[in-house]
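**Q** If you want the building blocks of each chain, they are given just below.
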Amino acid sequence: MDEKQKLAQFSLRPFKPGDEANLVDFLNLCYPGGWGDMEQWVWAYPRNPFFERDNVFIIESNNQIVGHRGMHLRELIIRGKRVPIAFLGDTAIHPDYRAFGLYSRLHQTTLKAAKFKGACLALTGNSRGSITYNHNKKTGFIEIKRSHTYIKVINYEKFFQKQVSDFIARREKLKSLLQGLETNLYLHFGKAEFSLKELLNRDNLTLAASSKSGEVRVILAESSLPWLVEFATGGKLRKMGSLLALLFSRKMKIRFSSALALMKVAWAGVRMVRHA
Amino acid sequence: MPNLVIRNYKLEDLPDVVKLYSSSQVKSPFFLRDKDYFDYCTSYPSVKEDSIFIAASEHRIEGVAVLAIIHKGYTVGRIIDLWASEATAENALLQKAVEYCRDNNIDAVEVKAPAFLDSSKTFVDWQRIDQREVMMVKPLSFAPLLQALIDATALRKIGIRKGFLFVCDDEAIEVKISKTGVNIVEGGKSWRDWDGILVKVSLKSLLEVVFGSTNPYIALLTRRIRIRGIKNILRVMKMLRVIRINQPWTVAIVDSR
Chain U
410 MDEKQKLAQF SLRPFKPGDE ANLVDFLNLC YPGGWGDMEQ WVWAYPRNPF
460 FERDNVFIIE SNNQIVGHRG MHLRELIIRG KRVPIAFLGD TAIHPDYRAF
510 GLYSRLHQTT LKAAKFKGAC LALTGNSRGS ITYNHNKKTG FIEIKRSHTY
560 IKVINYEKFF QKQVSDFIAR REKLKSLLQG LETNLYLHFG KAEFSLKELL
610 NRDNLTLAAS SKSGEVRVIL AESSLPWLVE FATGGKLRKM GSLLALLFSR
660 KMKIRFSSAL ALMKVAWAGV RMVRHA
Chain G
858 MPNLVIRNYK LEDLPDVVKL YSSSQVKSPF FLRDKDYFDY CTSYPSVKED
908 SIFIAASEHR IEGVAVLAII HKGYTVGRII DLWASEATAE NALLQKAVEY
958 CRDNNIDAVE VKAPAFLDSS KTFVDWQRID QREVMMVKPL SFAPLLQALI
1008 DATALRKIGI RKGFLFVCDD EAIEVKISKT GVNIVEGGKS WRDWDGILVK
1058 VSLKSLLEVV FGSTNPYIAL LTRRIRIRGI KNILRVMKML RVIRINQPWT
1108 VAIVDSR
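As they're listed, the protein sequences go chains U and G.
The working numbering applies: residue 410 is where the first sequence begins, and numbers increase by one.
The working numbering applies: residue 858 is where the second sequence begins, and numbers increase by one.
Derived by calculation from the structure, the hints in this document are not laboratory data.
Watch out, some of these pointers could steer you wrong.
Here are the simulated lysine to aspartate or glutamate pairs, DMTMM-like style, with alpha carbons at most 25 Å apart [unchecked claim]:
1. G:K884 <-> U:E552
2. G:K995 <-> U:E602
3. U:K546 <-> G:D1026
4. G:K929 <-> U:E552
5. U:K554 <-> G:D891
6. G:K876 <-> U:E484
7. U:K490 <-> G:E956
8. U:K645 <-> G:E990
9. G:K1095 <-> U:E602
10. U:K571 <-> G:E956
11. U:K524 <-> G:D975
12. G:K929 <-> U:E581
13. U:K547 <-> G:D987
14. G:K995 <-> U:D463
15. U:K425 <-> G:D1026
16. U:K571 <-> G:D982
17. U:K567 <-> U:E631
18. G:K1061 <-> G:E1028
19. U:K554 <-> G:D975
20. U:K490 <-> G:D896
21. G:K953 <-> G:E869
22. U:K571 <-> U:E602
23. G:K1061 <-> U:E552
24. U:K546 <-> G:E956
25. G:K929 <-> U:E484
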């Protein structure tokens, strides 16, 4: 099947009443951490003062939604003057329909529509290094400086547990390695302490028998949070750098009951890096 | 700021909040805020009546903060919008939101840096969490943007009295300066017939210079900007410096949703 035939089986249409539930399900399927619920969707679209039905672009194949992008026409104030812009967001392509050129089609259509409706700038948010980021860079988008997002953690224990749990949940290889780990691995963050077994059990995952294999404790100081954020969000080099920085600044200490236990954890780490 | 009080929002505050939005002194680019925007912002799921804060002094409203409480395995207080007339009010609203979160057993507070606060001082014990997130922009039509950026008086001061011609990706954009202001004509004269100041630049490079991600001098040296006539180089460089926006855009959490 050539590119034209592939694209012919997909139709592009605006939003119509009745799409709501399917759209929310579709967005939740496509966004790894979940997109949100119906209440969130109603707020983001119909309740939005800039909402117009034909500013929601849907790609369908056999009555199934396989692509989506939302566009909000807004006004930007630059030096006291109003500049019409189009904010493009909630871009999603069904995992089974990626690499069919659908994103490119959606992108071209939304840019044309934005220009037609009088927007002089198209704006979008992306993750640096993602497919959409690279595609946007190739098609004339530039990065702009904007205000940063900050977080102040009040309850470190809950926050840290959830971050670790999410970090593991997003990585299948890490999850299976940890499940096969015979050593009890404990994480300490400030005053908070929890075992990885406890964390995985909460996600209904079972661990290998660990009673005889000793334990390893990774103790992190509260001041290590910036490095942990770096570790969680950075690429391979940044991950390695932040890990070394944590060890050498003594913000991360490792305690172990036996050399064998440590070896087992270290070996799991090496396998993880090799497979990555 | 004398007698600055932080209190909960009341319905009768709405006209003053709208007045606060319209009298903004923010220098960086920001999204238009008006009554519809405020209604939309406060209808965000999980924004409660007691989580909208007002900074008031004497008979004026100096700032407003909207806090949404979100549960995602842990509870986070997300300040979806924080808008004030100056830094003191912003800081007071931020402190109030943190205090509210502490009192209500919320595990973390999230905010986008507001317009006036110095992030390097205010967010010392906060963590930046958007290292990989970027905002990207593409020009669709340049005329309205240039209209907003170019100030005729500033251009006259640097010796550009009649105007100039941008040739962006083979499209000519003529900038005419008159006593009444600036007039931008897209697809006007051919650059071959133009005898004034002529600047050849791609739309992308021009946007990079305008939004401060590329230094105009570097763009000139790397031939991404070409200027006709040696005598015009300095004037064009000064002009680009005048139209350049160096401040980061003020974007609230609600804006990027």
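**Q** Run every hint past the structure and note whether it holds.
**A** Here's how the hints hold up against the structure:
no., hint, verdict
1, G:K884 <-> U:E552, "holds (19 Å)"
2, G:K995 <-> U:E602, "violated (47 Å)"
3, U:K546 <-> G:D1026, "holds (17 Å)"
4, G:K929 <-> U:E552, "violated (29 Å)"
5, U:K554 <-> G:D891, "holds (24 Å)"
6, G:K876 <-> U:E484, "holds (18 Å)"
7, U:K490 <-> G:E956, "violated (37 Å)"
8, U:K645 <-> G:E990, "holds (17 Å)"
9, G:K1095 <-> U:E602, "violated (59 Å)"
10, U:K571 <-> G:E956, "holds (23 Å)"
11, U:K524 <-> G:D975, "violated (36 Å)"
12, G:K929 <-> U:E581, "holds (21 Å)"
13, U:K547 <-> G:D987, "holds (23 Å)"
14, G:K995 <-> U:D463, "holds (21 Å)"
15, U:K425 <-> G:D1026, "violated (38 Å)"
16, U:K571 <-> G:D982, "holds (20 Å)"
17, U:K567 <-> U:E631, "holds (13 Å)"
18, G:K1061 <-> G:E1028, "holds (13 Å)"
19, U:K554 <-> G:D975, "holds (15 Å)"
20, U:K490 <-> G:D896, "holds (23 Å)"
21, G:K953 <-> G:E869, "holds (21 Å)"
22, U:K571 <-> U:E602, "holds (13 Å)"
23, G:K1061 <-> U:E552, "holds (11 Å)"
24, U:K546 <-> G:E956, "violated (41 Å)"
25, G:K929 <-> U:E484, "violated (32 Å)"
The structure fails hints 2, 4, 7, 9, 11, 15, 24 and 25 (numbered hints given earlier, in ascending order).
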